[in-house]
Amino acid sequence: MKLVSSATLLLLTGLALAYPPVVLAPDSASSAEAGAVCCSPSSDVRRNVYVTPTPSEEGKGKAHGRVVFDGEIPKRKELSITEAQSKGCVQADEAINKQDLTLLVGEDKGIANAVVTIAVPDQELNVPEENIVLDQVQCRFDQHIVLAPLGATVEYRNSDDVPHNVHTYSLRNKAFNRTLSAQTSYEQALQHAEVIQIRCDIHPWMSAYVFVADSNFATITDEHGGFEISGLAPGEYTAKIWHEKLGKTEVKVVVSEEGESEAVSVPMKLKVKRSRRRR
Amino acid sequence: MADRGDTHYKVSTLNMWFLLSSGFLLVATAWMVIDDWNAPWKKYQAEFRKIDEVRTRDRIESAEMQAQAESAAGIGVLLAEATSRLDARQDEVSGVEQELHEAKGKLFEVSENTKKAKQNLAWERYLIEEHRNHENEPTYGEERLREFTRVFVELQAEEEQRAATVDEITERLADLNEEVTSLAGKKKAAQGGLTTLQKKLNRLAPEAPTEKLANVLRDFPGLDFVDPRNKVKKQVLSDLSFELNFTKGARIDMCQTCHEAADMPGYTSDIIVDGEPIANPYLTHPNLDLYLSAKSPHPVTEMGCTICHRGSGQALDFIRADHRPVGGEQMEEWRKKYHWHKQHHWDYPMLDSDFIEASCVQCHKGSMELIAEAAPTVSEGYRLFEERGCYSCHKVEWFPTTRKPGPTLKNLQAKLDRTWVDSWVANPTNFRPSTKMPRIFHLSNYEPEAVITTSEWGEGREMLGQEWTENMIASITAYLFNAAPKRAADPMPIPGDADRGRESYRLAGCLACHNMAGYPGQTLPTIDLAFQPNNENEHGPNLRGVATKLNRDWLYQWLMDPKAYWPETRMPDLGLSQQEAADITAYIMDDPDGIFRDVTDVWELEESTYDAEVLREMAREFFSRLGRTELARRFAGENPEFRWDREEDLLLAVGERQIGHNGCFSCHLIGGFEETSPIGVELTNWGSKTVDKLAWEFRAKIMAHENGWDLGTREEFKHYRENWIEEKLKNPRIFDEQKVKSPLELTRMPQFGLSDSEILAISNFVVGLVDDEVALAEMDESPADAAMDYGMRVVRQQNCMACHVVEPGRVQFHDEEGVLHDIAAEPVIFDGLDMPPKMEDIDQFRQYIADYEAEFEELEDIGFRLLEVAPDFGLTGESIYITKDQLVGLKSPQGGDFVRVVADYYLNGIEMFDPEATGDQKYYSWTYGPDGAVADVDGELRSYHDQGYDKVRWTFAPPVLLDEGSKVQRSWFYSFLMDPFPIRQQLRVHMPAFNITESESAAVANYFAHKAEQESPASYARAMRASAGITPKRSLAGKRPWPELTNQIQDKEVVTAAELAPMAGLAAKTILGIEDGSKPDTEASFDKLEVFGDSIGFSKSGAVNPSIEAILQQSASYHSLEGLGREVAFKGVNCFTCHWLNGTGPTQLDSPIAWAPDLGLTRDRLRPDWTRDWLWNPNLIYPGTSMAANFASSEPQYQAQYPDSTNAQQIEAVLDWLFNFDRTESADNN
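Protein chains in written order, with my numbering: chain A, 1 to 279; chain B, 10001 to 11230.
Treat the hints as calculated values from the structure; they're not laboratory data. Please read all numbers here as calculations on a predicted model, not as lab measurements. Mixed in with the good hints there might be a few duds.
Computed list of lysine-lysine pairs in BS3-like fashion (alpha-carbon distance at most 30 Å, straight line) [said to hold, decoys possible]:
| no. | chain 1 | residue 1 | chain 2 | residue 2 |
| --- | --- | --- | --- | --- |
| 1 | B | 10337 | A | 174 |
| 2 | B | 10104 | B | 10115 |
| 3 | B | 10404 | B | 10563 |
| 4 | B | 10233 | B | 10248 |
| 5 | B | 10233 | B | 10295 |
| 6 | A | 77 | A | 248 |
| 7 | B | 10549 | A | 98 |
| 8 | B | 10884 | A | 248 |
| 9 | A | 271 | B | 10884 |
| 10 | B | 10884 | A | 245 |
| 11 | A | 60 | A | 98 |
| 12 | A | 77 | A | 174 |
| 13 | A | 98 | A | 109 |
| 14 | B | 10200 | B | 10295 |
| 15 | B | 10043 | B | 10337 |
| 16 | A | 87 | B | 11131 |
| 17 | B | 10010 | B | 10043 |
| 18 | B | 11079 | B | 10891 |
| 19 | B | 10884 | A | 174 |
| 20 | B | 10188 | B | 10404 |
| 21 | B | 10295 | B | 10231 |
| 22 | B | 10200 | B | 10233 |
| 23 | B | 10188 | B | 10395 |
| 24 | A | 271 | A | 245 |
| 25 | B | 11069 | B | 10188 |
| 26 | A | 174 | B | 10233 |
| 27 | A | 174 | B | 11100 |
Some but not every residue of chain A turned toward chain B, in silico, with C-beta under 10 Å [to be verified]:
| no. | residue |
| --- | --- |
| 28 | 88 |
| 29 | 98 |
| 30 | 169 |
| 31 | 179 |
| 32 | 203 |
| 33 | 261 |
Some chain A residues judged to face chain B by a derived CB distance under 8 Å, without partners named [unchecked claim]:
| no. | residue |
| --- | --- |
| 34 | 161 |
| 35 | 165 |
| 36 | 167 |
| 37 | 171 |
| 38 | 184 |
| 39 | 202 |
| 40 | 204 |
Every residue, glycine too, gets a C-beta built ideally from N, C-alpha and C.
Just need the whole structure built from these sequences, with the hints factored in.
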């Protein structure tokens, strides 16, 4: 089932204003220092958050909650990658990572790798000065979801000894398909907010997403489906949740004067096939 | 003088006679003068002058003209300033002028001297030569010769120098005057339009009293022969003769005497005169780009009016021109107003506006396909004439198709059983409502209860329509089955699997030409594309219900080799494996999905019956020449050769005659009728038949009666050729109404069940089949046009568009300033869906948006991906977003519906409907393998549900054929069509082997080559303008090839046509015209645009020239770079990770989704220029393709394989290798 194909675009109409300091990305210690971070390739989640709210006085509130799977926990299956297909990807004594990251539902039904964004009017996006690196290592992307602010630059890199190509499936940002021979890279400036799927045509299992957010208030859920977005001023917000396989949903979040909010639980489920329109 | 008395007249009487006759002559002359002065057409011209005056005043006051006036005034001020500035420098100017004068004088002097010196030198040389020769002194006079030469050379040098000085001074002078000269020029240009208009107004409505008086005098009766304002305007068409009462002369059309504005732009009903919008005869002819204007293909000066409109061109009178009312009401009105009546002695009355396209046929016989867009109705008629098989009964001499349209019946025993045929013949639409087979029986002249004849030649019992018809059917099927050998199809060698067959049926290509749409009134619970009819999948019959008709073994053999059964079939050989054919057979015959055994409610199998008495009567009719005695002998069984006492024999004898009589053999191949000529009336010249030769019988009167018309009024209106044929097509037996005829005299044309628009289309075509002089003077198509037309016909006949997109869809929208754009593009997928919307027409698309918004979310804007460079918006492959309000129209792409079927299956599987289930469970997705897996060509099951539309489309569906002529070599294309083989190994659908001749296959290859040639100036122009906006800007772009340029940029600006125009020295309109492919603009100005392109360093691979097969095998770099290219290909780019090579699979042999075409084919298949562009930037050719840009990085890669090389050098090396390498090379050699 394919709810979000190459073509997903997310219209976040948030604009720019500044808010107080926060500790971001609750699960990953590394992402507290926003910017150049990367998780170990073995991690289940492999996500990276490159957005940070600007510190400000009123913004001491936070939104938090969980994205949970509605339905039976789907069985995890390995990607089918034959030896011939992965020739040259790994050393002779190593095995290629066959983990399928498209839908990760924990025992507690938490959905990892969902992107949560909150549109806040008049915010100035914090664009990291350094390039955000999306590397190809052992014929896998080193990150599965990259959450980057609009205006950032992504550097696609190939650290392997085999050639890859970077084929982006985007609609508003210029789509391209370039070969990256061993140890080379290519930069792309993100000019429109949307979700870009990145694939390699040579290794059909390779897939990653660059979520271009038009907001500083965004994060990716951890392996329990949990998320926390800090730095919000008191008020009522709509949190939008996107998942590569489950599609989109949204939830209301109210941050009180004291900066408190109730934890929200967001259910997502596999859509029935019928939702497609073909005509 | 004395009266001599010998005269026989009286002077006084004579005077009286003289007076009378003078009086009579005077009156007659006056009458003549008055009558001429009063001619009705003059009133039209006077009225037109009035209209023209109003329009001219409006235009002078229009904002545009006012702006022109203002701008001219503005320039005038500048000009005055500049002039005064120049005056201030008068001394300087005079100085320079003086200098120039002197320099010219000196130049003259020196040139004269030079000439003289040259003559002297020649003379001296002659003298010396003579002397040397006579005196035998070979060295005589050398010194002198040298001296003379020196003088001449020195003078020559001085002359050059002086000339340069003159040029320099002239330039200085021009520089001084430049400002004034250019401003004066601009002022004149700015005023131009206005000045012309003012002159015109002055002519139309002069202010000066003398001129007014002059006008009165010019129009005065009796004086108006000198220089009248009212003049007959005629086109004398000496090339087009015209026959009137057996004499031939030049065709003369005087229509423009009244229709003065016909070829002048701008006279539309927007012009209001005396509170009324202007109407004919004062309007401009529609579409002047195509008709009347000098640059159009139909200039009025060469074609006149009546060639197309018919009517009498030499008549200057409304009625005698044979004007034709549109509709009965107008006719009544004309009768009252003009005493209108038909011109009974004019063979070609003016054509009804619905039939005007009929005239196209007379010249465009050889280009009916090419005019499809300009003349949609008559082209549709031409297509239907073929599609419905009209040509097979009615000969049209030049008609290009000759094959029998219906399937062969020579072997029908293997395919069908007799009861089915009985029931089918009785009424084919009962079984298949969409069938093209017409209905032959049970029509209006065989009313079931009506008496057809009485037996025994009018002596016995009455025979009714019902039994007569039943016996006709019985005898025909009896003959058909008897003529076909009793041979069953060879049995299926292996059993099939219906489940696997379901997948093969979908992927092997069946659904490209066949659909399974429900019967009229039947609602299918599915949105599966395979159940939705479209232009392409109605090419073959709708397959609903076929399992009830076909023989299983026959179906298998048919799928394996259609030609074996029906040599002329359009069904191609799909190249199926035995297993695939067996599986598909099982799927269709076992019908697990309830499709192929689903028949209409009215369908019933009914065996035909016969009655010997009726058969005998039929035999009497058919064999009347034998006479009563012989017939009686035969019936009694006394003639051993014709034992008609045996009913079977009688049945067959009658059946043979019935087939001959009803013309079954015209459409079907039937044993015994191989050489028989078709039964219909020849239509080659039908349009020239005069109305009185058409057998209206009682029809006109019956119509008048039915409609309550007054005979002689409305009936007359209906009484034209066009109406006759329309009546005939509506009900082919209509003219038998109220007639008394014997059975063999009854009309035989069958009922085709055509819609009104189809009837109009076919009637247009038939009315256009005329034989007058014009039609005989056939148009001389250019070889390119002729080739295009032939190719388009084959492409249509073979339904290439089912699988391949041959023309992109287009989107029309307003930009923010309200300017209308029309660009080739396809819609992008809406968020949350996995297939882009289908682009049919704007209403369907709006409905799609509404449905989406109801189910998902409001759309702010809609994306379209550009399919060609649109210089105002972006490059091929880029997306533009427009709001719903901006969207104005859509044009559906030509072809490719099957691509969606394939992509849908890979992404979603088949949507199945479970009638037992409820709710969402009603629909489930089905693929052959579990979890949405598809069986790949290697037999493995793989799931592609997580892939994108683009990926599966480019990988698993048939390729698009946009610009195919630039891509492949023509000779290769030709051979490939004759003997196709898989190029893309991963495709489940194979390019089938079409049942076409060598000439047809060449036509297709030629068509694409000529198309590419024709489109190439437009694509050059678009790319050139787009390149001008790419940073580094135009002037710095250098000589880099176009596709490389597109790789190097992330940002670009839009250079509008208006901005480019002054630089290129062309009008913005002309540039846009070339970009849109306008023929006149391209012919007039493309060279100039190309020169400009060169000057800014733009380079794009040139036009395909179909007359030259440019093959790069012998490229400039032939073999010199091959080794380096091989290194780059094998070790740098690693082409064989994905590409096949000479039949060896790629490294990614386990991933069919990564496979790419065999590179071993390149040297024979592709064009080098295209391949180079492709290597630079594949996305610019096929947006979204899996082929990556391998030579796009700003730091060239692959230095290890080709040291110190640029991207361009690497590409040339790879090309050298690709086009020159050893054919035995394989990917394994790596």
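Results for each hint:
1. B:10337 x A:174: This hinted pair is violated, its Cα atoms lying about 67 Å apart.
2. B:10104 x B:10115: Between residue 10104 (chain B) and residue 10115 (chain B) the Cα gap is close to 16 Å, so the pair holds against 30 Å.
3. B:10404 x B:10563: holds (14 Å)
4. B:10233 x B:10248: Roughly 22 Å between the alpha carbons, so the hint for residue 10233 (chain B) and residue 10248 (chain B) holds.
5. B:10233 x B:10295: holds (20 Å)
6. A:77 x A:248: At roughly 24 Å apart (the allowed maximum being 30 Å), residue 248 (chain A) and residue 77 (chain A) satisfy the hint.
7. B:10549 x A:98: Distance ~52 Å between residue 10549 (chain B) and residue 98 (chain A) Cα, so the pair is violated.
8. B:10884 x A:248: Holds, at about 23 Å.
9. A:271 x B:10884: This hinted pair holds, its Cα atoms lying about 28 Å apart.
10. B:10884 x A:245: It holds: about 28 Å lies between the C-alpha atoms, which stays within 30 Å.
11. A:60 x A:98: Between residue 60 (chain A) and residue 98 (chain A) the Cα gap is close to 42 Å, so the pair fails against 30 Å, i.e. violated.
12. A:77 x A:174: violated (33 Å)
13. A:98 x A:109: holds (22 Å)
14. B:10200 x B:10295: At roughly 24 Å apart (the allowed maximum being 30 Å), residue 10295 (chain B) and residue 10200 (chain B) satisfy the hint.
15. B:10043 x B:10337: holds (16 Å)
16. A:87 x B:11131: The hint holds at about 15 Å.
17. B:10010 x B:10043: Not OK: residue 10010 (chain B) and residue 10043 (chain B) at ~49 Å, beyond 30 Å, violated.
18. B:11079 x B:10891: holds (21 Å)
19. B:10884 x A:174: holds (22 Å)
20. B:10188 x B:10404: Outside the cut-off at roughly 67 Å; violated.
21. B:10295 x B:10231: holds (25 Å)
22. B:10200 x B:10233: At roughly 19 Å apart (the allowed maximum being 30 Å), residue 10233 (chain B) and residue 10200 (chain B) satisfy the hint.
23. B:10188 x B:10395: Roughly 63 Å between the alpha carbons, so the hint for residue 10188 (chain B) and residue 10395 (chain B) is violated.
24. A:271 x A:245: holds (9 Å)
25. B:11069 x B:10188: The hint holds at about 21 Å.
26. A:174 x B:10233: The hint is violated at about 60 Å.
27. A:174 x B:11100: The given pair, whose Cα atoms are some 23 Å apart, holds under the 30 Å limit.
28. 88: holds (9 Å)
29. 98: violated (14 Å)
30. 169: It holds, given that the least Cβ distance between residue 169 (chain A) and chain B is near 5 Å, below 10 Å.
31. 179: holds (4 Å)
32. 203: holds (8 Å)
33. 261: Violated: closest Cβ of chain B sits about 25 Å from residue 261 (chain A), beyond 10 Å.
34. 161: violated (11 Å)
35. 165: Given a least distance of 4 Å, the restraint on residue 165 (chain A) holds.
36. 167: This interface hint holds because 7 Å falls under the 8 Å limit.
37. 171: holds (5 Å)
38. 184: holds (6 Å)
39. 202: With a minimum Cβ separation of about 5 Å from chain B (threshold 8 Å), the hint on residue 202 (chain A) holds.
40. 204: Interface hint status for residue 204 (chain A): holds (5 Å vs cutoff 8 Å).
The structure is inconsistent with the numbered hints 1, 7, 11, 12, 17, 20, 23, 26, 29, 33, 34, although it conforms to all the rest.
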